Amino acid sequence: MKRKYLYPVLIVIITIGFYYIEEYQDGDWSSSTEESIEKSELSFYYLPTSTTGSIIVHNNYALSYSEKHEQAEWVAYELKKEHLSSNDFKRPYFEKDKKVKSSSADWRNYKKSGYDRGHLCPAGDRRFTYEAFEETFLTSNISPQNHEFNSGIWNELEQKVRYWAQKYDGLYVITGGVLSNNLKSIGYEAVSVPKYFYKIILKGGPESPKMIAFLMPHQDSNAPLKEFVVRADKIEQLTGIDFFPSLEDTIEEKLERSSTTSGWKF
1 MKRKYLYPVL IVIITIGFYY IEEYQDGDWS SSTEESIEKS ELSFYYLPTS TTGSIIVHNN
61 YALSYSEKHE QAEWVAYELK KEHLSSNDFK RPYFEKDKKV KSSSADWRNY KKSGYDRGHL
121 CPAGDRRFTY EAFEETFLTS NISPQNHEFN SGIWNELEQK VRYWAQKYDG LYVITGGVLS
181 NNLKSIGYEA VSVPKYFYKI ILKGGPESPK MIAFLMPHQD SNAPLKEFVV RADKIEQLTG
241 IDFFPSLEDT IEEKLERSST TSGWKF
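Residue numbers for the sequence shown follow the working numbering, so the first one is 1 and each next one is one higher.
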């Protein structure tokens, strides 16, 4: 190829390359790319499947965004003993998640709605740096929650998860609201209000993993946490999500069919 044609061709190739790198880093992941994420430096994420095809990977958690419901159908992250901190950071403003191509819901949808902006990945789990703490204030990481529920039984469960992270030195956590048809909604963008919220926790290595799952009605309760323990496959049936597709099938089935609290100190 003559030199006068070589340079223009190289420029075009480089330009196209940068374009695809930007698209890849933009954070909107289809289900076909989940395998490549799991094999990358983010391999610590046991990413669930996505019913929406919109998986967003942030520095300190990942999520699957539902445009229909204007919130995440799940948020997944590791909670290690070293992540636990009592840093008292100034609470930042909520911001839209720029990685959501359809745009995550504006925080103003919650204003005067009667519902809290309930974190899915709790800010309290990400106090080890301000950047990690601030990242939890993206609107893709919140769901409308009744205040008594948010500050009551749900907060109790979040504190229990931190206790377990300290005791067992590391957990993997998946959280979300059960998103279904005909839910009540708030705001001008119709943010759905889930009737149930769930949390699934995995601990231990590949040789001896243990799982516990909670399904809570979206209402205040004084019941003990143990009363909300369910089989993880029940939550899968309600949501259509496969939460641990990367686990070996026989191990996954055994874990997800169990509702035992054995091995979890309450």
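Treat the hints as calculated values from the structure; they're not laboratory data.
All values reported here derive from a predicted model rather than from experimental measurement.
A virtual CB, placed ideally from N, CA and C, is assigned to each residue, including glycine.
One thing to keep in mind: the hints can contain errors.
Stated by the list, open to error - For each label pair, taking beta carbons as the anchor points, the in silico distance ranges come out as: (1) N181 x E207: 35 to 43 Å; (2) T129 x G205: 23 to 31 Å; (3) T261 x Q237: 14 to 22 Å; (4) N181 x N59: 28 to 36 Å; (5) T250 x S113: 42 to 50 Å.
Taking the hints in turn, this is what the structure says about them:
The given range of 35 to 43 Å is respected by N181 and E207, whose C-beta atoms sit roughly 41 Å from each other. The hinted range of 23 to 31 Å is satisfied by T129 and G205, whose Cβ atoms lie roughly 26 Å apart. A hinted range of 14 to 22 Å holds for the C-beta pair T261 and Q237, which are about 21 Å apart. Range check, N181 to N59: about 33 Å between beta-carbon atoms, so the 28 to 36 Å window is met.
Take T250 and S113: their Cβ atoms lie about 45 Å apart, and the range 42 to 50 Å holds.
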